[in-house]
Amino acid sequence: MPLYFFHLANDYEIEDSEGTDLPDVQSARRHARTVVGELTRNSDGLLGKQWARWTMLVKDANGRRILSIPLSQDPSSDGGAGNGKDRSADVR
Amino acid sequence: MTTLSIANRGNNRLLAALPQSIYAVLQPHLKEVTFKQRKVLFEPGDALDRVYFPQSGMVSLLIITTEGAGIEAATIGREGAVGLQRGLGKRRAFTRANVQVGGTFSVIEADRFEKAVREHDVLRNTITAYTEVLLAEAQQIVACNALHTADARLARWLLQTRDRIESPMLPLTQEFLAQMLGVRRTTVTLVAGSLQAAGLIEYRRGRIEILDAARLEDAACECYGVMQHQHLPGTIGIDLHAPA
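Chains as they are written, first to last, in this note's numbering: chain A, 1 to 92; chain B, 1 to 244.
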């Protein structure tokens, strides 16, 4: 299975050096949303705002950027394409 | 009769807190055993046949779901014991006990331990008091998992591990931490990365080093402070987390 890497970017990058085996881009997107959810869960109040300015960058094993998801987006609004709320950009 | 001074009792605090006469009853039956990281001491449903007193290692108890996923219910180091409830009668485990940090353990056969408990009320009281502490910690973990952020929980977990093994060098894998915290391994990598970027820890494969404990405490949730101050009420009255 291909390896996908899930980094966080703001003024600097927090790198996912390990990567995760996933069957396809759709699975990578779901995994990214899950991780974003786990990172931002219970993040309310002053301390929580730290993640809001970050973006998740998903790259494939060749270093190609596959997905970009701002963490300020509500990860539970998983409307996929076309619901207007989905601000994650598929970068090809 | 040989006098066994407290200094000879090793590092386990529960054993060290026992009255001399009680410790003398257990001591001939305690064996020193070394277990490596990842060793499974028991699975849910197993009959508990031994009681383990950590001297230098650390054990996590995990609830295992039917899909095989696990999440931490409790973690026990030299401040406690695993399988202590076996002293109250034949019991089956409802968690999996995983050695998280390898080390030495004082181990006693459950039947021997149960016999000693039957004959000595002090031992029964110790088990009851310790079980209350463990329950309070487990309840705190429930609240923590529900209410606190992944980074605050990871910081707490790292500090508790340091307290249990008494070293800032934590031989923990991210897979283990993911299981403890009930999150994806990716999430652990990213949270650990942010703690590292802030200069609080340094992590490599299989190892995390605490660089700035004071700031890591600031980053941890309040549960760390609460759980640090648990101590045995009543008869025994020892602070399980006090520095030696």
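It is possible that part of the hints are untrue.
To be verified - Per label pair, the in silico range of CB-to-CB distance:
#	chain 1	residue 1	chain 2	residue 2	range
1	B	A47	A	R65	13 to 21 Å
2	A	T34	B	R118	21 to 29 Å
3	A	N10	B	K39	50 to 58 Å
4	A	P70	B	D218	44 to 52 Å
5	B	A136	A	R65	23 to 31 Å
To be verified - Reference excerpt, derived from the structure (chain A facing chain B, CB under 8 Å, subset only):
#	residue
6	D16
7	L22
8	Q26
Stated by the list, open to error - Computed footprint of chain A on chain B, listed as stretches where at least three residues anywhere in the stretch have a Cβ under 8 Å from a Cβ of chain A:
#	region
9	55 to 65
10	172 to 186
These are computed hints drawn from the structure, not numbers from a lab. Beta carbons: idealized from backbone N, C-alpha and C, even for Gly.
Consistency of the hints with the structure:
1. Checked against the hint of 13 to 21 Å, the C-beta distance between B:A47 and A:R65 comes to roughly 53 Å, which is inconsistent with it.
2. For the pair A:T34 and B:R118, the beta carbons lie near 50 Å from each other, so the given range of 21 to 29 Å is not met.
3. Checked against the given bound of 50 to 58 Å, the beta carbons of A:N10 and B:K39, roughly 40 Å apart, lie outside it.
4. About 27 Å separates the C-beta atoms of A:P70 and B:D218, a value inconsistent with the hinted range of 44 to 52 Å.
5. For B:A136 and A:R65, the Cβ-Cβ distance of about 47 Å falls outside the hinted range of 23 to 31 Å, so the restraint is violated.
6. Checking A:D16 against chain B by beta carbon gives a least distance of about 5 Å; that is within 8 Å, so the hint holds.
7. Hint status for A:L22: violated, given a least beta-carbon distance of 10 Å to chain B, over 8 Å.
8. Restraint check, A:Q26 versus chain B: the minimum CB separation of about 17 Å is more than 8 Å; hint violated.
9. Only residues whose C-beta sits within less than 8 Å of a C-beta in chain A count toward coverage, and the region 55 to 65 of chain B has 0 of them, not enough to reach three; the restraint is violated.
10. With 5 residues having a Cβ less than 8 Å from any Cβ of chain A, the region 172 to 186 of chain B passes the three-residue criterion, so the hint holds.
Checked against the numbered hints above, the structure breaks hints 1, 2, 3, 4, 5, 7, 8 and 9 and satisfies the rest.
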